[in-house]
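Asker: Protein sequence lines, in the order shown, are assigned to chains A and B.
Its first residue numbered 1, the first sequence is counted upward by one per residue in full-length UniProt numbering.
Its first residue numbered 1, the second sequence is counted upward by one per residue in full-length UniProt numbering.
Hints in this document: simulated from the structure, not taken from any laboratory.
Every clue listed holds true.
Since copy identity is lost for identical chains, a pair holds within one copy or between any two.
In silico DSSO-like pairs for lysine-lysine, Cα to Cα no more than 27 angstroms straight-line:
1) K163 - K102
2) K102 - K156
3) K123 - K163
4) K102 - K123
5) K102 - K51
Computed from a predicted structure; not experimentally measured.
Number of protein chains: 2
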Amino acid sequence: MREAFHDQLDSIFIDLSGIARQVQEAVAQATEALLEGSAEIAEQVISNDVKIDLARERVEDQTFSLLSLQQPVAGDLRTLVAALRMVSDLERMGDLAVHVAKIARLRVPERAVPEDVEPTIRKMAMVAELMTGKVADIIADRDVAAAADLHEVDEKMDQLRRKSFRELLGANWTHGIEPAVDLALLGRYYERIADHAVSVADRVHYVVTGELASTDA
Amino acid sequence: MREAFHDQLDSIFIDLSGIARQVQEAVAQATEALLEGSAEIAEQVISNDVKIDLARERVEDQTFSLLSLQQPVAGDLRTLVAALRMVSDLERMGDLAVHVAKIARLRVPERAVPEDVEPTIRKMAMVAELMTGKVADIIADRDVAAAADLHEVDEKMDQLRRKSFRELLGANWTHGIEPAVDLALLGRYYERIADHAVSVADRVHYVVTGELASTDA
Chain A
1 MREAFHDQLD
11 SIFIDLSGIA
21 RQVQEAVAQA
31 TEALLEGSAE
41 IAEQVISNDV
51 KIDLARERVE
61 DQTFSLLSLQ
71 QPVAGDLRTL
81 VAALRMVSDL
91 ERMGDLAVHV
101 AKIARLRVPE
111 RAVPEDVEPT
121 IRKMAMVAEL
131 MTGKVADIIA
141 DRDVAAAADL
151 HEVDEKMDQL
161 RRKSFRELLG
171 ANWTHGIEPA
181 VDLALLGRYY
191 ERIADHAVSV
201 ADRVHYVVTG
211 ELASTDA
Chain B
1 MREAFHDQLD
11 SIFIDLSGIA
21 RQVQEAVAQA
31 TEALLEGSAE
41 IAEQVISNDV
51 KIDLARERVE
61 DQTFSLLSLQ
71 QPVAGDLRTL
81 VAALRMVSDL
91 ERMGDLAVHV
101 AKIARLRVPE
111 RAVPEDVEPT
121 IRKMAMVAEL
131 MTGKVADIIA
141 DRDVAAAADL
151 HEVDEKMDQL
161 RRKSFRELLG
171 ANWTHGIEPA
181 VDLALLGRYY
191 ERIADHAVSV
201 ADRVHYVVTG
211 ELASTDA
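Make the full structure from the sequences, and use the hints.
Answerer: Rendered as structure tokens:
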């Protein structure tokens with residue numbers, strides 16, 4: 001009975017890791033749509049989001065049924081509740097990728113990001129995608145050390161966000177209002193993807209150790 | 001035993017409603033800081049946020065202990081899991097009020113919002129505060145009808161956000177980049193407060209009826 005329970009728990013974590021991979025793909029594609037100015041790829045991100053939503057529902061259903069049929073306590077209860085929160089973070093990351101794709105789509109056939117500030121937003125996008133990929137591994141391997149490392153990567157994101165603000169508010173900005181507003185929002189979306197990635201990693205830490213991550217205050 | 005359980009469940013909902021009131025106050029004060037350009041009020045919102053975080057922890061602890069000691073099934077289980085999600089939405093709304101306050105503080109002694117576009121952002125702020133207040137009542141009264149109404153109020157928010165974009169991207173915009181970026185982000189923060197309010201209301205609907213709100217797909 002308990003063994004079957006832990007098999008089901010493992011299966012939920014495999015699903016969570018799979019959702020993180022789907023989100024990573026969504027982030028990568030949204031960035032491609034943004035930097036290439038591709039409506040087609042943007043549409044793909046937007047229409048694929050329903051798959052992430054469905055995968056979320058499946059994990060929620062499985063988790064609820066384990067909660068209600070097995071009535072777990074202590075560590076197992078903590079793990080199931082953490083799974084519900086992780087899937088909610090992951091789904092939100094998918095939504096944020098959709099927001100990026102929608103800005104890309106809005107500006108087609110132009111590209112939303114002016115060439116001279118593309119390096120910064122490209123780096124933010126790469127960090128967001130990297131963090132999402134790491135999250136997939138962290139969930140699959142219950143890798144507490146890698147979960148802790150994610151906080152450092154997130155600092156890189158914060159630095160890039162500040163740099164992006166300096167660029168668009170600087171005296172050299174010649175692109176007018178619309179690209180500035182797009183960049184501010186894009187920066188916010190990538191930053192939030194990173195925040196949710198850290199949150200998922202912290203929950204893995206909590207599941208494995210029973211303790212809140214030190215920076216999770 | 002079951003009666004004690006339901007007393008404890010009621011007590012959790014009273015706490016949730018209380019947190020919603022704290023958040024409503026935070027939203028109101030953040031808006032005041034923003035529109036008056038008051039660093040003092042902004043600081044107050046920022047430092048008060050720790051109280052919301054602590055209140056969240058208390059609700060989480062209570063909910064966990066009920067989950068683990070009482071091992072509820074069906075409706076009671078659903079209610080407790082919903083409580084965990086509601087408190088997470090509410091805390092996030094508090095964080096968003098802090099983001100508004102931080103933009104206010106950044107621009108002191110100036111005001112972040114130019115006078116001619118203040119009416120739109122003021123309306124967004126009022127809608128966000130109104131929705132947060134309604135959420136406090138909806139939780140306290142398990143008011144499913146009012147929860148459904150919140151979707152309509154949220155449409156008002158979406159209209160205002162679009163109006164705000166038209167203003168700051170319009171040909172008449174004379175305020176330069178920084179206020180445009182501030183307004184875009186402020187609009188985003190108020191819109192997200194409203195989204196979370198709808199999410200909390202939908203969870204009340206779910207707790208009471210056992211069914212997902214129709215627009216909660």
